[in-house]
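Below, each chain spelled out in residue letters.
Number of protein chains: 2
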Amino acid sequence: MSAAEKPPGKPLGPLPQGYETFNGQLAIGGQTAAQLVQQAGGTPLFVYSREIIANTMMRLREAMPARLHINYAIKANSHPDVLSYMADLVDGFDIASGGELEKIQASGIDASRVSFAGPGKRDWELEAAIRASVTLNLESESEAERALAIGNQLGITPRLAIRVNPDFDMKGSGMKMGGGAKPFGVDAERVPELGRKIIAAGAEWRGLHIYTGSQALSAEAIIETQANVLELADRIATDTGHPLPKLNMGGGYGIPYFHGDEPLDIEAIGAALEERFGDLPASLKDSHLCIELGRYLVGLAGVYLCRVVDRKVSHGETFLVTDGGLHHQLAASGNFGTVVRRNYPAAIATRFDAPPEEVQHIVGCLCTPLDKLSDKGFLPRAEVDDIVAIFCAGAYGASASPAQFLGQGPAQEVLV
Amino acid sequence: MSAAEKPPGKPLGPLPQGYETFNGQLAIGGQTAAQLVQQAGGTPLFVYSREIIANTMMRLREAMPARLHINYAIKANSHPDVLSYMADLVDGFDIASGGELEKIQASGIDASRVSFAGPGKRDWELEAAIRASVTLNLESESEAERALAIGNQLGITPRLAIRVNPDFDMKGSGMKMGGGAKPFGVDAERVPELGRKIIAAGAEWRGLHIYTGSQALSAEAIIETQANVLELADRIATDTGHPLPKLNMGGGYGIPYFHGDEPLDIEAIGAALEERFGDLPASLKDSHLCIELGRYLVGLAGVYLCRVVDRKVSHGETFLVTDGGLHHQLAASGNFGTVVRRNYPAAIATRFDAPPEEVQHIVGCLCTPLDKLSDKGFLPRAEVDDIVAIFCAGAYGASASPAQFLGQGPAQEVLV
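Those sequence lines, one after another, are chains A and B. Just so we're aligned: 283 in numbering that gives the first Met the number 0 is position 284 of the first sequence, and the numbers increase by one with no gaps anywhere. Just so we're aligned: 14 in numbering that gives the first Met the number 0 is position 15 of the second sequence, and the numbers increase by one with no gaps anywhere.
Some hints here could point you the wrong way.
[Claimed, not checked] With a Cα cut of at most 27 Å, we get these calculated DSSO-like pairs of lysine-lysine: (1) B:Lys245 / A:Lys375; (2) B:Lys245 / A:Lys170; (3) B:Lys170 / B:Lys245; (4) B:Lys196 / B:Lys245.
[As the list claims (entries may be wrong)] Simulated restraints, written as ranges between beta carbons of each label pair: (5) B:Val339 / A:Arg234: 33 to 41 Å; (6) B:Glu144 / A:Arg380: 14 to 22 Å; (7) B:Phe21 / A:Lys170: 23 to 31 Å; (8) B:Glu188 / A:Gly23: 36 to 44 Å.
Hints in this document: simulated from the structure, not taken from any laboratory. From the three backbone atoms N, C-alpha and C, an ideal C-beta is built for every residue, glycine too.
Build the full structure now, drawing on both the sequences and the hints.
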């Protein structure tokens, strides 16, 4: 686009696929934004789409090798209805706390399909996990000792894997989880010894967990990292002297949030994996191989809806003040570990097919300048009571935001 | 300190005054960290000190002109016990939502001492505030219309002030709330007309609210801003044609969080204010003059205590993995709207008088690299079950953090 054609204001992130227009409004699961809000009893409201989740999973299954198991990391979105829906779609679940284990159990999901990673597991969490047949991805030698001792005490054989701190990370990932000194996992060179010790102690050996980064949009980087993960796993398995029963290859599959972001080329990743899977070393030939994805599976399937409470003009700029805010959408506001604030995709849900005509700020109701949902987006002109939509709200929205800030409380959430 | 004397690692913020050592441990309100944790039933735990709050208020009263009313902005910390304790110490309260009004009412505080600012007030919030005789700091012309209409409908005279978007901000403040286009308040030049309209409509005229920024450590900047605020208020009052019954001059008094921060020189601010108060224009001669402080009153009075669950070494660096984390201490982790991460003051509470001997990372239990409470601090060597203290935790800690992230849940809070 030439400079002359560039729209005014600041760019918005790309609208995800799968959202429709009905009666001029944003429609999700066949219902308009206004209908969804009315049914929920008001705004602010997170709407999660079964259809978009299912389509994402379908495309992913098609692209990935049949042998690859796909797990859901529930930290992205652990709403009970989302968990129940995922139960039939994915092969396993990954959790990060005893609280998440309770959510899994409340949803009726078989906990033996679950593995648990997290650097500060307390004894009560280890005990609950061992009782429930959850696989523990051990983060340190001392955590291994505690898990073995608790298993002994309970008379239950613990299912133990080791989380590896690899000596490489995922290039271009939004969040690096390996390479150099890290609080996660056991440094790669110490893993074989710990593995042998766990096996000797009579635990059920569940292999390795190697997580290298998250939110990468470069297929090339993921392909390279997955190759490195398979190589490292083979090296560790060989040094341990036991083939790997299971290898969790981590995640890292990103979604487009910002202007210029391109969707991840999962077909390229799948083709490369297929090739590697055709030529696996002996240590991995019979391994259960899986990836764990959170954001990729549900991120694009969620929309955050809030209502315009006030429309203000200050020094010539227009502000749509909504009843939502960073207390539900911390990352979208640009305040969650972000250096440069950029806009998530946003729209006026009640004027979804109207042409953009005005640069408008979308802010929340909190009394802080941090509370900006969209900065100078070029949008249809909105009025009080219009509904605003912020996309990419399916992951790390409701669950990762300070809902109680300024006495506000949580948003409603609905799966349609 | 010369380069040769510089301690290893990264600097920690300055320890606040008022914390003591007892039996080698950090003591608050005469009890050691271990005792406090035991009484609370475990970690993580926020401890708030009555004594430190009271001392802060005492010094502030001494420094400020007797005429100046001091309000507490409860957004900083709205724990019920803190609210009840503040009721006798401060002159009024400032709230930012209907939820905060409910907290005020639950604490038995007379709501006529309260004013309510916030850009997205919903009708139910305006109604609850008007019923409770809360002063509304109106953020726009349309909010004024809604408030007047609701007052009419209820048959209650609403108490209305106007929040001004000033044409200047507070230099050196951590968060600018004025100057240029803002979602807060009414642009200064439109305030007189709105003021006359409100008075003509028969509302109780409560004057102006001018908030220019927060977390400033420069007395000079605050002195200059307060002078500007008084001038602007006089100009608006003169244009409105009515003396000001009340002027809320905002806040902005900061606390030292980081290495190199110096405490605010409140005596200088008080002396400058005293001088101005001696020479007020006619429009302000009889005004109720107040400031509203949140962080300054309670920030230094809080400590966050968490337990070391694991002590790990990775590539030669030591990590203390605790059962706390950014889900309670978002700002301390450097992820709440911060560009450059710096360390809050931190200590090993159970080895409070021990000499520092090792560079240690303090991380939380969350499975994300964002979850760092202290980066490479030079501290006494800590072991599993030691208690870590993060200071400056009295404001925007529990209330401004995503407690439910990764299924964790809130910390306990206690006022001692």
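Now for the hints, and whether the structure bears them out:
no. : hint                            : verdict
1   : B:Lys245 / A:Lys375             : 35 Å, violated
2   : B:Lys245 / A:Lys170             : 58 Å, violated
3   : B:Lys170 / B:Lys245             : 25 Å, holds
4   : B:Lys196 / B:Lys245             : 17 Å, holds
5   : B:Val339 / A:Arg234: 33 to 41 Å : 38 Å, holds
6   : B:Glu144 / A:Arg380: 14 to 22 Å : 20 Å, holds
7   : B:Phe21 / A:Lys170: 23 to 31 Å  : 51 Å, violated
8   : B:Glu188 / A:Gly23: 36 to 44 Å  : 37 Å, holds
In summary, the structure is inconsistent with hints 1, 2 and 7 from the numbered list given earlier, while agreeing with the others.
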